[in-house]
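Number of protein chains: 2
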Amino acid sequence: MGERVYNFYPGPATLPYEVLEEASQSFLDFNHKGMSLLEMSHRGKDYEAIQNETESLMKELLDMPDHYRVLFMGGGASTQFALVPMNFLKPGTEADYIVTGSFAKKAYEEAAKIGKANIAASTKGSNFDRLPAKEEIKLSASPVYVHLTSNNTIYGTQWQELPSFGGVPLVADMSSDIMSRRFDVSQFSLIYAGAQKNLGPAGVTVVIIDPGLLEKANTDLPVIMQYKTFVENDSLYNTPPVYAIYMVNLVLKWIKKNGGLAAMERRNQEKAKYIYDVLDQYPEFYKGHAQKEYRSLMNVTFRLPSEELEATFVAEGAKNGLVGLKGHRSVGGIRASIYNAMPVEGCKALAEFMKEFVKKNG
Amino acid sequence: MGERVYNFYPGPATLPYEVLEEASQSFLDFNHKGMSLLEMSHRGKDYEAIQNETESLMKELLDMPDHYRVLFMGGGASTQFALVPMNFLKPGTEADYIVTGSFAKKAYEEAAKIGKANIAASTKGSNFDRLPAKEEIKLSASPVYVHLTSNNTIYGTQWQELPSFGGVPLVADMSSDIMSRRFDVSQFSLIYAGAQKNLGPAGVTVVIIDPGLLEKANTDLPVIMQYKTFVENDSLYNTPPVYAIYMVNLVLKWIKKNGGLAAMERRNQEKAKYIYDVLDQYPEFYKGHAQKEYRSLMNVTFRLPSEELEATFVAEGAKNGLVGLKGHRSVGGIRASIYNAMPVEGCKALAEFMKEFVKKNG
Chain E
3 MGERVYNFYP
13 GPATLPYEVL
23 EEASQSFLDF
33 NHKGMSLLEM
43 SHRGKDYEAI
53 QNETESLMKE
63 LLDMPDHYRV
73 LFMGGGASTQ
83 FALVPMNFLK
93 PGTEADYIVT
103 GSFAKKAYEE
113 AAKIGKANIA
123 ASTKGSNFDR
133 LPAKEEIKLS
143 ASPVYVHLTS
153 NNTIYGTQWQ
163 ELPSFGGVPL
173 VADMSSDIMS
183 RRFDVSQFSL
193 IYAGAQKNLG
203 PAGVTVVIID
213 PGLLEKANTD
223 LPVIMQYKTF
233 VENDSLYNTP
243 PVYAIYMVNL
253 VLKWIKKNGG
263 LAAMERRNQE
273 KAKYIYDVLD
283 QYPEFYKGHA
293 QKEYRSLMNV
303 TFRLPSEELE
313 ATFVAEGAKN
323 GLVGLKGHRS
333 VGGIRASIYN
343 AMPVEGCKAL
353 AEFMKEFVKK
363 NG
Chain X
3 MGERVYNFYP
13 GPATLPYEVL
23 EEASQSFLDF
33 NHKGMSLLEM
43 SHRGKDYEAI
53 QNETESLMKE
63 LLDMPDHYRV
73 LFMGGGASTQ
83 FALVPMNFLK
93 PGTEADYIVT
103 GSFAKKAYEE
113 AAKIGKANIA
123 ASTKGSNFDR
133 LPAKEEIKLS
143 ASPVYVHLTS
153 NNTIYGTQWQ
163 ELPSFGGVPL
173 VADMSSDIMS
183 RRFDVSQFSL
193 IYAGAQKNLG
203 PAGVTVVIID
213 PGLLEKANTD
223 LPVIMQYKTF
233 VENDSLYNTP
243 PVYAIYMVNL
253 VLKWIKKNGG
263 LAAMERRNQE
273 KAKYIYDVLD
283 QYPEFYKGHA
293 QKEYRSLMNV
303 TFRLPSEELE
313 ATFVAEGAKN
323 GLVGLKGHRS
333 VGGIRASIYN
343 AMPVEGCKAL
353 AEFMKEFVKK
363 NG
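Line by line, the protein sequences are chains E and X. Here this note's numbering is used: the first residue of the first sequence is 3, the next is one more, and so on. Here this note's numbering is used: the first residue of the second sequence is 3, the next is one more, and so on.
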């Protein structure tokens, strides 16, 4: 076995090692049933217990209103970009999108193929280095929903305080920061998150929905494209991605055991601070992409004085067990993704490496 | 660990034990990279190699035309029920469906929500105990495609010879018998299969497509709903279900190592014969649901003289390590799903159990 590295990939991303160990122990035989969980019927009691518990844990950890539902779907957040407008953006209505990054823009573009979608605000002008101020956001007269992205993985920005717009249903893509901090779920009508950053492996998307939203939903869609189908059938209308959901279950238990969202939030603040402190200490060498007040606790993005130095940084980092630090081509430079499962020690190690790197190359 | 049982579940279903063992050995650390495959970027070389190899293995094992593509998608076959007509059943066109079971019917119903879909033939009249004869199939004047289901999991029927209709593009749901026998892929324009029966765990759908079909596809759809997007981006437009695809890779290698599709076919014929021979030996006790000439090699369905005896059969089977034998409510009775990964010994053991059961209860 290779020595375990610190994995800064943006997603699929590092998972808690305890979770991997537990999963590996039950891989060949689950619950002493003489078969792997991967071989078990999704209509059986063993799997049913897992899925029900996963929903309950999500509700408990996020302190969700009782009537909200948690759904498990396939196809990733990109599929939700289309499903949200297909379900709710009916002819004669309009929806507003806050465009704060590449994924927010993709969500808007999918909606614009389906119905009347408006850009209520965009920070593209400064390459998405910030989020819009409340007064910059121009809602249309009567949007059926407002869509936002809580954390922008590629650019490293995050809403410090999630906005709300009176009675307008709020829809959020929280793929890259769900479970990383406390927030008021009741403020949102629909939240979706691809699992592969903060929830588990790639292959399942978690959807949190206020079933009240379904009253105005389009029922003229294929059955499998309707949220209603998943609510009414407890996500068992067809075969769910069983194993990915099981892994989410283990990750949620790990979060609970480690103090829940309040503890995750404190730890994520501590972790990010190690790295941002180095940016602030060496502002001539490390140029953070995000404006300070919008800095993400999940993805830290920065440039070095030259692309050559950036390449050296990535390569030397990898030699030192700090893997996956190359930034996205839209920003360039370096990105350190430090989701819940990144240990404090990983962030400390990266911060130390950064300081040494300045001394050698600054 | 519980002693390994023979698992007759219809899907998720039994997997080759060698595949599970190999996957478990690399679960915590993949390719000596200090991380699990579940934590690796889908844009990295390790994963890219897996996905490319999986496509190559599919093409090789199925002896596919070179220009055909293999796609990896989420959402299960049920999502394909909608995507096929969304992509190809444009206004002013029509498509024909051969309705031979519950899933075939669902595929038709989703299409009928999207455009003009016709039932070209249906065997519902006799509770789907057979497939239509060629002369029963009434195609419309100019269908954009004909859709069929190669094996009907719930009813236990299977096309012995897959039909073709001259130049009309043929679309097939092969979820429950892909890789179980040889067939001519070039006869089909699009094939889809949820992995959880013959290919791997739940969570990925394999799509085989003749890219020529895309010339007439609807491009006015959300990007994520277009097959074109998956073809042009090698199934990497968004994050694919990495781990499920890795498991498919291992299953395909297992098939290759064990002689490919010709060997699978022979073995599946041998396996099914053990069980069907018992049905034929005790026709007063075991009533097969499928008419003889349409019997499936993948799902064997039959009734016993009473529901009480059926319940006893399922319970005693489980005590004897024969698990998952309860039939679907649409047929009742017993269903033994004996996909590729079911060992010959499992089918022999079931046949012996059935004979003993008649002696005790007949």
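Watch out, some of these pointers could steer you wrong.
Pairs count within a copy or across copies, as identical chains cannot be separated in the list.
Derived lysine-lysine pairs resembling DSSO-like cross-links, with alpha carbons at most 27 Å apart [said to hold, decoys possible]: (1) K140 - K118; (2) K258 - K92; (3) K362 - K230; (4) K361 - K61; (5) K230 - K218; (6) K289 - K35; (7) K35 - K350; (8) K321 - K35; (9) K115 - K126; (10) K47 - K321; (11) K275 - K118; (12) K126 - K361; (13) K35 - K357; (14) K92 - K118; (15) K230 - K118; (16) K115 - K230; (17) K230 - K321.
No lab work stands behind these hints, which were simulated from the structure alone.
Taking the earlier hints as the rules, which of them does this structure contradict?
2, 3, 4, 6, 11, 12 and 17
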